[in-house]
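Visitor: So the chains spell out like this:
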Amino acid sequence: MEINTCSGAISLSRELENESAKFYEELSKRYEQDKDLFLTFARENGKYVTQIERAYYGVITDALEGCFAFDLNPEDYKIKTPPIKDAGYSDFLKEALAMEEKILKFYQVAAEQSKHLMADVPRSFTLVAKKRIERIPKLKALLEKGK
Amino acid sequence: MALLEEPIKGIKEVKNYINGEWVDTKGKIMDVVNPATGKVIGKCPISTKEEIHAAVEAAQAAFPDWRRTTPLARSRILFRFKGLLEENFEELSRIQTMEHGKTIDESRGETRRGIENVEVSCGIPTLMQGYYSEDIATGIDEWVIPSPLGVFGIIGPFNFPFMIPLWSAPYAVATGNCVVIKPSSEVPLSQWRLAELAEEAGFPPGVWNVVNGGRTVVDGMLEHKDIVGITFVGSTPTGRDVIYRKCGETGKRVIAQCGAKNFMVIMPDCNVKATIPALMTSFFGNAGQRCLAGANLLVVGEDNKFYNGFMEEVAAMSSRIKMGYGLDEAIQMGPVRDKEKRDKIMGYIEIGIKEGAKLRLDGRKPKVDGGCPETCFVGPTVFENVTPEMRIGSEEIFGPVMSVFRAKTLEEAVEICNASPFGNGHAIFTQNGRSAREFQYSVTSGNVGINIGIVAPVAIFPFSGMKDSFFGILHTQGREAVRFFTESKVIIQRWF
Chain A
1 MEINTCSGAI SLSRELENES AKFYEELSKR YEQDKDLFLT FARENGKYVT
51 QIERAYYGVI TDALEGCFAF DLNPEDYKIK TPPIKDAGYS DFLKEALAME
101 EKILKFYQVA AEQSKHLMAD VPRSFTLVAK KRIERIPKLK ALLEKGK
Chain B
1 MALLEEPIKG IKEVKNYING EWVDTKGKIM DVVNPATGKV IGKCPISTKE
51 EIHAAVEAAQ AAFPDWRRTT PLARSRILFR FKGLLEENFE ELSRIQTMEH
101 GKTIDESRGE TRRGIENVEV SCGIPTLMQG YYSEDIATGI DEWVIPSPLG
151 VFGIIGPFNF PFMIPLWSAP YAVATGNCVV IKPSSEVPLS QWRLAELAEE
201 AGFPPGVWNV VNGGRTVVDG MLEHKDIVGI TFVGSTPTGR DVIYRKCGET
251 GKRVIAQCGA KNFMVIMPDC NVKATIPALM TSFFGNAGQR CLAGANLLVV
301 GEDNKFYNGF MEEVAAMSSR IKMGYGLDEA IQMGPVRDKE KRDKIMGYIE
351 IGIKEGAKLR LDGRKPKVDG GCPETCFVGP TVFENVTPEM RIGSEEIFGP
401 VMSVFRAKTL EEAVEICNAS PFGNGHAIFT QNGRSAREFQ YSVTSGNVGI
451 NIGIVAPVAI FPFSGMKDSF FGILHTQGRE AVRFFTESKV IIQRWF
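Protein sequences appear in the order of chains A and B.
Here the numbering used here is used: the first residue of the first sequence is 1, the next is one more, and so on.
Here the numbering used here is used: the first residue of the second sequence is 1, the next is one more, and so on.
Hint data in this document are derived by calculation from the structure and do not stem from the laboratory.
Cβ atoms here follow ideal geometry from the backbone N, Cα and C, with glycine treated the same way.
Take every hint as true, because none was put in to throw you off.
Here are the simulated EDC-like cross-link-like pairs (lysine to aspartate or glutamate), alpha carbons at most 16 Å apart as the crow flies:
#1 B:K322 x A:D71
#2 A:K102 x A:E134
#3 B:K273 x A:D71
Using C-beta positions, here's what the derived DEER-type ranges look like:
#4 A:E134 x B:I145: 55 to 61 Å
#5 B:I145 x A:E15: 53 to 59 Å
#6 A:K130 x B:D65: 50 to 56 Å
#7 B:R479 x A:R54: 25 to 31 Å
Not the full set, but computed from the structure, chain A residues with beta-carbon under 8 Å of chain B:
#8 M1
#9 N4
#10 T61
#11 A63
All chains should be built: construct the whole structure from the sequences, respecting the hints.
Guide: Written as structure tokens, this is what we have:
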């Protein structure tokens with residue numbers, strides 16, 4: 001079912017951040033050499049959730065279009081948990097890259113859909129997207145290093 | 001999406017809060033029903049005249065000490081209160097959804113707007129400062145002190161059970177008055193919880209009182225000599241013919257915020273993509289049960305191509321609105337408060353058909369998600385070819401019904417708006433600054449929106465209203481509320 005409400009979009013954002021944090025925590029346990037980076041990512045995810053919820057709870061009022069600002073299909077952003085068995089480091093990194101691109105897309109689309117309607121909320125999505133985009137070259141560098 | 005957890009389990013037996021104590025009524029008890037599920041979630045006391053009098057007397061007794069409590073000390077209690085409201089934000093929001101039926105986004109919006117008023121009233125040490133002139137004549141100084149008056153009655157409506165009493169109560173107590181709040185008996189749970197948090201914040205006994213009930217409580221407030229003023233939000237007939245009139249007869253201050261029939265004026269140069277969701281919020285948000293809701297859509301211009309395309313989009317988005325229990329985050333529109341209100345709205349839809357308006361979207365058989373009983377649901381309804389003479393275009397329906405008018409020019413549109421006896425929250429959607437300026441200048445409306453469908457002022461501004469939408473002089477919220485809850489004492493001083 002598509003998501004049209006701001007509360008639905010916030011919940012999806014929280015779900016994506018929590019899921020991807022779990023994924024990075026798992027990677028940090030498996031690959032000691034890059035543990036610090038993965039744990040940093042996981043911690044940042046928690047901060048993003050706080051930042052977005054703060055924006056939402058601070059600005060949500062009846063003057064804004066809380067129930068009509070989005071048209072998101074959650075299936076488009078579903079994170080696939082990578083297969084744990086038989087997967088190598090590069091497989092995980094590729095999954096991480098795909099996951100980051102998907103989450104980035106979510107924030108960009110959500111910000112664009114709500115930009116005239118939800119005041120601080122799309123701004124917080126954009127800010128998080130800007131931060132997350134920095135992860136992609138870092139993950140690509142790890143992938144290159146492993147080749 | 002999964003349902004959020006309900007904060008009220010079983011049936012909550014609401015009590016009155018008088019003089020710092022929770023007391024049972026000797027009157028009748030009424031069921032509080034969740035309109036989305038049909039389940040009884042609470043019991044509301046229908047208090048007696050003796051009980052409202054006891055609350056007023058307790059408030060009057062608390063007044064001298066509270067008045068002498070310094071503004072800074074009062075403000076500290078309000079800061080604690082604000083903190084508690086933030087801590088309990090989610091619970092307070094979910095209670096509103098349970099007792100009223102609105103969606104969780106709408107309830108959170110209501111909670112935020114309520115808290116904003118507490119936040120603004122925390123600034124009372126500076127907000128209620130007077131002013132001073134030295135040497136108005138040689139050796140003579142003069143100053144004015146805004147002083148509290150005593151006990152105020154606050155009468156809340158059913159459509160914003162949490163927020164609306166907070167348009168008044170925080171300013172009243174911040175300025176040193178005491179309050180007796182009467183919530184709507186249909187939705188008493190939000191004010192019960194709010195009073196618990198007020199108690200926890202540390203308001204002394206008698207400063208903040210809640211007496212539940214109906215007309216007996218209202219009459220008890222209006223007749224009591226120690227009530228110095230009333231704030232009321234509700235229908236125009238009650239506000240004008242009962243509250244305003246009676247306050248005039250008994251010399252009480254009054255703010256009566258009443259009914260509406262708001263026009264949303266669409267210029268052909270509007271940003272259609274952003275305007276359509278704003279109209280959905282305006283007409284169908286809170287299931288149309290708000291005095292700032294759009295009721296009449298007025299499309300300007302003779303360009304049929306624009307009109308047809310625009311209405312196509314309005315009808316399409318309206319028809320896709322998901323209805324159900326507001327604790328499901330996917331839901332965009334909840335039920336109306338009860339079956340009687342639903343029947344009244346259904347009656348207006350029948351009237352519109354008989355009057356000859358074109359029923360573009362029929363909400364009489366709504367599709368409701370999540371297995372909720374249909375008892376209190378009305379779907380989004382759109383009528384076209386509506387004229388000002390029709391009852392659906394002129395009377396307040398208070399439900400999710402959009403009546404569409406057309407006007408050739410902006411001037412004609414303003415004339416149509418101004419011919420309405422109401423003047424609460426008209427709005428224009430345009431990209432043209434000149435049209436916007438002309439509209440805001442010419443339209444007789446207390447709150448005016450420019451590309452805003454729900455013209456709800458934030459707490460630092462007054463919630464205004466004109467014509468049959470408002471009776472009184474000063475308004476709730478912000479500086480006007482501070483003036484309403486204080487009277488000017490002027491001192492002229494000369495030393496021999």
